[in-house]
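There are 2 protein chains.
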Amino acid sequence: MYLSEMSKDQLVGFKNDTLALYNDFKSQGLCLNMSRGNPCKEQLELSVDMLNVFDDGDFMSENGVDVRNYGMLDGIPEAKEFFSDMIGVSNEEIIIFGNSSLNAMFWAVQTAFNKGVLGGTPWSQCGSIKFLCPVPGYDRHFKVTEFFGIEMINIPMTPTGPDMDMIEKLVAEDDSIKGIWCVPQYSNPDGISYSDETVKRFASLKTAAKDFRIFWDNAYCIHHLTDSPKPILNILEEAKKAGNEDMVYIFGSTSKITFPGAGVAVMGASKKNVDELKKALGISIISYDKMNQLRHVKFFGTFANMCEHMKKHQAIIAPKFRIVCETLSREIAPLGIGEWTDPEGGYFVSFNAMDGCAKRIVQLCSEAGVTLTGAGATFPYGVDPRDRNIRIAPTYPPVEDLKKAMELFVICVKLASAEKLLAE
Amino acid sequence: MYLSEMSKDQLVGFKNDTLALYNDFKSQGLCLNMSRGNPCKEQLELSVDMLNVFDDGDFMSENGVDVRNYGMLDGIPEAKEFFSDMIGVSNEEIIIFGNSSLNAMFWAVQTAFNKGVLGGTPWSQCGSIKFLCPVPGYDRHFKVTEFFGIEMINIPMTPTGPDMDMIEKLVAEDDSIKGIWCVPQYSNPDGISYSDETVKRFASLKTAAKDFRIFWDNAYCIHHLTDSPKPILNILEEAKKAGNEDMVYIFGSTSKITFPGAGVAVMGASKKNVDELKKALGISIISYDKMNQLRHVKFFGTFANMCEHMKKHQAIIAPKFRIVCETLSREIAPLGIGEWTDPEGGYFVSFNAMDGCAKRIVQLCSEAGVTLTGAGATFPYGVDPRDRNIRIAPTYPPVEDLKKAMELFVICVKLASAEKLLAE
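Residue numbers (the working numbering), protein chains in the order written: chain A, 4 to 427; chain B, 4 to 427.
Same shape as in the complex, but just chain A (with noise of 0.2 Å):
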């Protein structure tokens, strides 16, 4: 029966009853963290190899640069072919940064911001300007943007991706928009990958706004969690055929393929726009770290071998993703209470819970001892403004950890929801 459907005295039975398996469950004094989208311990022993591959005392880059040394601002050449594959670029297209892609997405907003792109004028005498953000999204882009001052425009996700009817219209009539996030593949955290149309018709954007950049994050381009992966268009081939290719900057990296902290971050671009892109770099830094680099390239070899490590991944994760939703789906779906993705990538699982539940959802849990995303953080400002949307990371706790924190989250859903039913 659904929850909204019972009657008062049915629903203050249901509350006492889910209240007494709470007050059970605090008393346990549980301490879990499902905030973060983190690799667990077996995830990060995958790549362990990875620092023997120096071992035969061979530092030389392919061009005849030791790595060790400084130099090469954009990256060794080894490590530029072998990425390019990975966000679909060609070597040109491409520069390696360190290991965080967060900071060259910073980076690159910072540089349009403080000297503008190709030759523009800086973003931050543009007087007050814009970004569009596709919600539910990734709390850390909104903070970029916070940051510079961006005013923030929720973009509502589709099934098939952002609602480009809308994208379309703002960006067509405002030059003060200047940018938009996207995270085109298994996004964050709806686990979204956008589909052929909407791919196309972010190449095909007219915008306002000559100096508009798409920050293409594509954090989860080869994580999988289905063995028959459908993947999503080549944006920067299709820009180019829209004649767009200006209008692209593409970041992935290895957070989630090697080590979160020790990783190899990559932006890809039009020629044109790398070629300005490193003018700005080469102040800010001599190079970044090339040991780490050929380290990548030496470990997996192939773009196609890295593919392969992935499925690995997918071997430990995706039980996970598992538990969650099964979970979900017995607990959650008969009481009509929430819904949620069944994603077939990337790291979450995007939960609507019904309208003004979310942050009593997330209290409920943290008083319990299970740390959740904050509620609101998907949405810029951590406004989310029917606070409905909690995300959940499967990946970081041991199975047994992760039924026990589902558990407790099913719990708290069917109490709030209860409460709230009860309020009105």
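Hints may contain errors.
Note that identical chains are pooled: a pair holds if it fits in a single copy or bridges any two copies.
Below 27 Å or equal to it, Euclidean Cα-Cα: the simulated DSSO-like pairs (lysine-lysine) are [as the list claims (entries may be wrong)]:
1) LYS314 with LYS406
2) LYS282 with LYS362
3) LYS281 with LYS133
4) LYS282 with LYS133
5) LYS274 with LYS203
6) LYS44 with LYS301
7) LYS282 with LYS146
8) LYS29 with LYS18
These are computed hints drawn from the structure, not numbers from a lab.
Following the hints, complete the assembly by docking chain B onto the known chain A.
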């Protein structure tokens, strides 16, 4: 005989003899690079065992964080403990960055520019702002301030540090002066170490701008070339005595201790500054490479061990500095056509030619196959008002190459000087 005392006939003879030697060199087809302060291969080998520290399979920092995963924005505790000794701060006064102190400095300027310091007005909104630049100085410092459109004012160096009378007067009068670039020990390129009085005067500066910051780039803090190094005073300690502790940003790195491309950079500042800076830092990155932090701590163990390690560097590069200075003493001193420093540490010999000769000398060297740092590079905007300073970087070339390069260098100095005197 000084070149300036020669008759015209003597000068013409001298020039022709020198030109013959130069042309002889030119025909040898040399290809040597002395443009940057890069460690040589032998130096890089000193730290290769650092790559084996994880053979024990232990990736946990002392606070129980797996260094392979996300987290610890400002560094792992043992790295803070270890590096705080290097830059003379406490564990609460340090942030551990990635592989580049230049990147940390760029970020610190960028943060002040876009967000202000300690809640102050962003420098970008303070109208036209200025930095003081002791000259000659480090070209990459100047490029950072130039990037943000910050006006740079030359401050002459003296044997005890920058001209403090001039600095004290300027900062007291002009609140648009927001900062100064300093390399306090073995300055780049002069190799000058600031006297105790200079450090104390810096620490006691009375500045019109409340948000003035000293960018104290202690890049060569333990990079001695003698067996009895003279330490400089601790700027943060002195600033605390003067109630000025928020005025100092200290930077350092292991770029020339372990690997230039894969070292660890750090920033020191008052706890108040560090707490504020971390808020901004957390927008731009989740965490830097903690594996590399732990790699360094495990490899050295103690700060004292790292200082011992520096003696191995000294043994390799001190002889190279001797080659440079002995060649100049033998070939240039008797002619009175140049002055230079004989540094007790750091990475450079700073050569001052006769006024108006630096560009010509660098050009002559280049045409004969030896690349030097561009003339003018050691000044803001690349403009050496007297066109006389040349930065010689002796560490990278093998000894035989360095000897060859210095032979050519002195020939070019002689030739350019004779040309100059004949044209007067």
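Here is what the structure says about each hint:
In this assembly of identical chains, LYS314 and LYS406 lie within 27 Å of each other by CA distance solely inside one copy; the values are 23 Å within and 56 Å between copies. Taking the closest pair of Cα atoms, LYS282 and LYS362 come within 27 Å of each other only across two copies (24 Å); inside a single copy the shortest separation is 45 Å, beyond that limit. Within a single copy, LYS281 and LYS133 get their C-alpha atoms as close as 25 Å, and across copies as close as 26 Å, so both meet the 27 Å cut-off. Taking the shortest alpha-carbon separations for LYS282 and LYS133, both the intra-copy value of 25 Å and the inter-copy value of 23 Å come in at or below 27 Å.
For a Cα distance limit of 27 Å, the shortest separation of LYS274 from LYS203 inside one copy, 20 Å, qualifies, whereas the shortest one across copies, 50 Å, does not. Taking the closest pair of Cα atoms, LYS44 and LYS301 come within 27 Å of each other both inside a single copy (23 Å) and across two copies (21 Å). In this assembly of identical chains, the alpha carbons of LYS282 and LYS146 lie at most 27 Å apart whether taken from the same copy (26 Å) or from different copies (11 Å). In this assembly of identical chains, LYS29 and LYS18 lie within 27 Å of each other by CA distance solely inside one copy; the values are 16 Å within and 91 Å between copies.
Of the hints listed earlier, there is not a single one the structure fails to meet.
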